[in-house]
Amino acid sequence: MLTTGNQLKAARALASIEQKDLAELVGVNVNTIRNMESAGSGPIAGRSSNVQSVQRAMEGLGIEFLNHGNPGVRLVRSDGASEKT
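Mapping to numbering that gives the first Met the number 0: the sequence shown position 6 is 5, numbers consecutive.
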């Protein structure tokens with residue numbers, strides 16, 4: 000589950016997608032993505048529907064969100080392997 004701004008920022012880095020491109024993919028203003036990421040290590044504030052849409056879009060790009068103890072992300076590659084950050 001997507002929970003923190005840092006988690007979203009790391010996910011974008013792994014997926015090699017810019018804020019504006021993610022915003023277009025999701026159908027939100029780029030400021031929505033910026034605001035989500037500005038939460039840093041704190042919880043993302045904002046509309047839950049936007050957070051869910053961003054999470055689904057990132058998962059479609061091969062990102063898996065981890066929340067076992069600390070929030071994290073990993074890229075699930077097409078060969079079934081994963082890279083964790």
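Certain hints may be false.
Said to hold, decoys possible - Here are the in silico distance ranges between beta carbons for each label pair:
| # | residue 1 | residue 2 | range |
| --- | --- | --- | --- |
| 1 | Asn-28 | Leu-60 | 25 to 33 Å |
| 2 | His-67 | Val-29 | 27 to 35 Å |
| 3 | Ala-44 | Asn-69 | 25 to 33 Å |
| 4 | Gly-26 | His-67 | 25 to 33 Å |
Hint data in this document are derived by calculation from the structure and do not stem from the laboratory. Since this is a predicted model, take the numbers as computed values, not measurements. Glycine included, C-beta positions come from ideal geometry on N, C-alpha and C.
>> Looking only at beta-carbon atoms, does the pair Gly-26, His-67 fall within the given range of 25 to 33 Å?
In response: Once the Cβ atoms are compared, 30 Å apart, the range 25 to 33 Å for His-67 and Gly-26 holds.
>> A range of 25 to 33 Å was offered for this pair. Does it hold for the Cβ distance of Ala-44 and Asn-69?
In response: This hint is violated: roughly 20 Å between Cβ atoms.
> Is the gap between the beta carbons of Asn-28 and Leu-60 within 25 to 33 Å?
Replying inline: Violated, at about 20 Å.
>> Holds or violated: the 27 to 35 Å window for the beta-carbon distance between His-67 and Val-29?
In response: holds (31 Å)
In summary, the structure is inconsistent with hints 1, 3 from the numbered list given earlier, while agreeing with the others.
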